[in-house]
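One line per chain: the protein sequences are A and B, in this order. The opening position of the first sequence corresponds to residue 12 in my numbering, with each subsequent residue numbered one higher. The opening position of the second sequence corresponds to residue 12 in my numbering, with each subsequent residue numbered one higher.
None of these hints come from the bench; they were simulated from the model. Be aware that one or more of the hints could be misleading.
[Stated by the list, open to error] Quick list of in silico lysine-lysine cross-link-like pairs, DSSO-like style, CA-CA up to 30 Å:
#, chain 1, residue 1, chain 2, residue 2
1, A, Lys235, A, Lys300
2, A, Lys348, B, Lys412
3, B, Lys428, A, Lys412
4, A, Lys356, A, Lys340
5, A, Lys243, B, Lys243
6, A, Lys243, A, Lys370
7, A, Lys243, B, Lys372
8, B, Lys300, A, Lys412
9, B, Lys412, A, Lys300
10, A, Lys93, B, Lys340
11, B, Lys300, A, Lys373
12, B, Lys139, A, Lys300
13, B, Lys426, A, Lys248
14, B, Lys300, A, Lys428
15, B, Lys248, A, Lys426
16, B, Lys300, A, Lys370
17, B, Lys300, A, Lys243
18, B, Lys243, A, Lys428
19, B, Lys372, B, Lys93
20, A, Lys417, B, Lys428
21, B, Lys300, A, Lys417
22, B, Lys243, A, Lys248
23, A, Lys428, B, Lys248
24, A, Lys93, B, Lys112
[Stated by the list, open to error] DEER-style ranges, computed between Cβ atoms:
#, chain 1, residue 1, chain 2, residue 2, range
25, B, Arg294, A, Gln291, 47 to 55 Å
26, A, Gln291, B, Ser96, 52 to 60 Å
27, B, Asn100, A, Ala388, 47 to 55 Å
[Claimed, not checked] Which residues of chain B face chain A? A partial, calculated answer using Cβ under 7 Å:
#, residue
28, Val176
29, Ser177
30, Glu180
31, Leu239
32, Ala304
33, Ile305
34, Glu395
35, Gly409
In this text, a Cβ means the ideal position worked out from N, Cα and C, and glycines have one as well.
Number of protein chains: 2
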Amino acid sequence: MSAMNAFYAQSGGVTAVINASACGVIETARKHKSKIANVYAGRNGIIGALTEDFIDTNRESARTIAALRTMPGGAFGSARYKLRSFDENRAEYERLIEVFKAHNIGYFFYNGGNDSMDTAHKVSLISKKLGFPVTCLGIPKTVDNDLPVTDNCPGFGSVAKYVAVSTREAAMDVKSMARTSTKVFILEVMGRHTGWIAAAGGLAGRSSAEAPHIILFPEIAFNKRAFLRRVKECVEKYEYCVIVVSEGAAYRNGQFLAEAGTRDAFGHAQLGGVAPVVAQIVRDNLGYKYHYAIADYLQRSARHIASAVDVQQAYAVGREAVKYALQGKTAVMPVIKRLSDSPYKWRIEPAPLSRIANKEKKLPRRYITKDGFGITAAARRYLEPLIRGEDYPPYFNGLPKYATLKNVSVKPLLKTKFVV
Amino acid sequence: MSAMNAFYAQSGGVTAVINASACGVIETARKHKSKIANVYAGRNGIIGALTEDFIDTNRESARTIAALRTMPGGAFGSARYKLRSFDENRAEYERLIEVFKAHNIGYFFYNGGNDSMDTAHKVSLISKKLGFPVTCLGIPKTVDNDLPVTDNCPGFGSVAKYVAVSTREAAMDVKSMARTSTKVFILEVMGRHTGWIAAAGGLAGRSSAEAPHIILFPEIAFNKRAFLRRVKECVEKYEYCVIVVSEGAAYRNGQFLAEAGTRDAFGHAQLGGVAPVVAQIVRDNLGYKYHYAIADYLQRSARHIASAVDVQQAYAVGREAVKYALQGKTAVMPVIKRLSDSPYKWRIEPAPLSRIANKEKKLPRRYITKDGFGITAAARRYLEPLIRGEDYPPYFNGLPKYATLKNVSVKPLLKTKFVV
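Turn these sequences into a full structure, and let the hints guide you.
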């Protein structure tokens, strides 16, 4: 078989280490030029494929590609764009295959979360149906850590480390000022449906006496009375209370706390996350002085404090995806299998996309303490290895020196345009 | 003169490097045991002196004291507690001197901002008046960088680095998703009255095409029309717009964009939540999808990304304060004098507290671009050296290993209690 091209795209919310996966894909592909001539990256993810807007990664030096390993964000652009089912939008799939055919693309590497694994799976099925079979590989990526089968998801370890470090540091600040200033500090973190990120905040302390004193998980219905009782208890016992709240924290009826926002003087719905809502509950009922932080994108882009284990795994899933493809495996995703907690050992192995697509892994109840406000020893055993090691980017004049890519476009070959 | 004890207290909001100053004080004092027998640290700052609640730092090992250099927060507790004028509250000053006398305290080191320099100055005057002259030294500390005379304030360089790094990282995230997701990202930073911290966000980009595209300073009255025009321009030109907004951003009439209504012990309005206000202005007028982050305490406790220059200077002002005291200087503060921008050179010299107390250094207009939304080359020349170098704390199992102090109390000697 003569060399074909590969298509690589990033999908959905980016992470601090998604480019490490790109690095793994491209560096490994470059070692097999006889089989993979070039890796075309989709500009803005799958949209790049639909609109025939490819980035020619062969135009980037080995040094630049190596630097992807330490670069946050999505080096080629990512997209929130979900292909619908074949019946719903046949034109999109036909277009994709037409473009792949025109550019001699025999390999499709899709770096994303649940939705993307579904897309990669569909493309593998449909490419065969349309007579141009493409080898389709999923590459896991999500800060939410909610993909099934794999022990954990690249991207999560770094956001977990960021949240644990930030919680520990902010807690030390609050503790030292508690006598005369802020009593309650709230840190809002991501995780709309699952509490993995919030749970990571729990690593900041080693016991229930240490911050964070309360974690609010999406998996545990918010109980205002129990919450307020615990806040009061903490302030009385420790002089302060640190709370990590998931953006997905919700009432028993499923309503997000964040949706229960107040209205301003003009009747406008007060914008904001869940942190100000929790703050207001504390203020209205207990009157304590509070502060809150909303980490938002800072948490998932904080490459400066990435977990070394996470970077290694992100690279490894990219590398293995290419190896699997070259072995003729298709419709699979490299997953991380944990071999032992202590010492932490893991390996990569393939798993069929059909087992992964559109499924969501929630934080197990046994990872949450009985009272619903903390993490258990089992959770610590699971989480701790994932934040291990520092993988600092290079710095120049006090700031991280992140890669700058040329991102040169591949000449379009089709006469037709496709509007997404 | 036989050895006397020293009193050291932290005051006001803590920083990532205030303990480095404590380290400088204690390590230097320990080298002069014949003059300074012990450094008593105030538990919760000046409150520890008023209530005769001292921490015996001689009980801490050399290793623990050395570890203060990498520990965020306030190791002995800080306080927002301002001594009033002598006429207003003579009892507080008399109590202070009574306690100092009882514990043979001849040196007072007060580590804080404007208000604290005023207190240190008053104590020096009053102690003489009351017949127990105490050598009073101010030690500068404030993330706000608003102390006069000194070129910059320890604490600022690290928050500046955090804000610049975070802005750069978040901007890369937003840029890579802009095609189908968030167009406008807002980062809210501290700086009640001065835009120094917001200005530091400007270091994230090297030109007006790079993020942050807009900085909202307290020094520049908020002009909604010009702001919206610039946001639109950026989104049309770059596909996205990153905004750094100071908590102190205000309208022409002086009203803060966000006012929480409550006031702290110093009578300052407690701010918070300008980011959602700016987001709402964007949404209501331009309809762009937005996200915002509120760094809050994370920015001033982020020891994991402290500036090496800042750590060095924080240590140096502590060390020099002790040296000045031993030279018989009183009512002075070590200030940082910049000798050159490039290469960056500085030295420490003494300045009288009377020149520093209760004065505020605003961001000069020449540091802000003509349009009011960015920083000038002069600002870059000033700011850049302050964030240079990384001074990483040690890590254990993925988390910074911060010092744990014994904080053993000194036995009270007075029979009277004092309620603050």
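Hints and how they fare:
1. Lys235/A to Lys300/A: holds (18 Å)
2. Lys348/A to Lys412/B: The given pair, whose Cα atoms are some 29 Å apart, holds under the 30 Å limit.
3. Lys428/B to Lys412/A: The hint is violated at about 56 Å.
4. Lys356/A to Lys340/A: holds (25 Å)
5. Lys243/A to Lys243/B: Violated, at about 46 Å.
6. Lys243/A to Lys370/A: Violated, at roughly 39 Å.
7. Lys243/A to Lys372/B: Violated - the C-alpha atoms of Lys372/B and Lys243/A are around 40 Å apart, more than 30 Å.
8. Lys300/B to Lys412/A: Between Lys300/B and Lys412/A the Cα gap is close to 29 Å, so the pair holds against 30 Å.
9. Lys412/B to Lys300/A: Within the cut-off at roughly 29 Å; holds.
10. Lys93/A to Lys340/B: violated (70 Å)
11. Lys300/B to Lys373/A: holds (28 Å)
12. Lys139/B to Lys300/A: violated (38 Å)
13. Lys426/B to Lys248/A: holds (27 Å)
14. Lys300/B to Lys428/A: OK: Lys300/B and Lys428/A at ~27 Å, within 30 Å.
15. Lys248/B to Lys426/A: holds (27 Å)
16. Lys300/B to Lys370/A: holds (27 Å)
17. Lys300/B to Lys243/A: Distance ~38 Å between Lys300/B and Lys243/A Cα, so the pair is violated.
18. Lys243/B to Lys428/A: holds (28 Å)
19. Lys372/B to Lys93/B: holds (20 Å)
20. Lys417/A to Lys428/B: Between Lys417/A and Lys428/B the Cα gap is close to 70 Å, so the pair fails against 30 Å, i.e. violated.
21. Lys300/B to Lys417/A: Holds, at roughly 28 Å.
22. Lys243/B to Lys248/A: Not OK: Lys243/B and Lys248/A at ~51 Å, beyond 30 Å, violated.
23. Lys428/A to Lys248/B: Answer holds: Lys428/A to Lys248/B is near 23 Å, not above 30 Å.
24. Lys93/A to Lys112/B: violated (74 Å)
25. Arg294/B to Gln291/A: 47 to 55 Å: violated (21 Å)
26. Gln291/A to Ser96/B: 52 to 60 Å: At roughly 37 Å between Cβ atoms, Ser96/B and Gln291/A fall outside 52 to 60 Å, so the hint is violated.
27. Asn100/B to Ala388/A: 47 to 55 Å: holds (51 Å)
28. Val176: holds (5 Å)
29. Ser177: At about 5 Å, which falls below the 7 Å cut-off, the nearest Cβ of chain A leaves the hint on Ser177/B intact, so it holds.
30. Glu180: holds (4 Å)
31. Leu239: violated (17 Å)
32. Ala304: Holds. Min distance 4 Å.
33. Ile305: Where the cut-off is 7 Å and the nearest Cβ of chain A is about 4 Å from Ile305/B, the hint holds.
34. Glu395: Since chain A brings a Cβ to about 6 Å from Glu395/B, closer than 7 Å, the hint holds.
35. Gly409: holds (4 Å)
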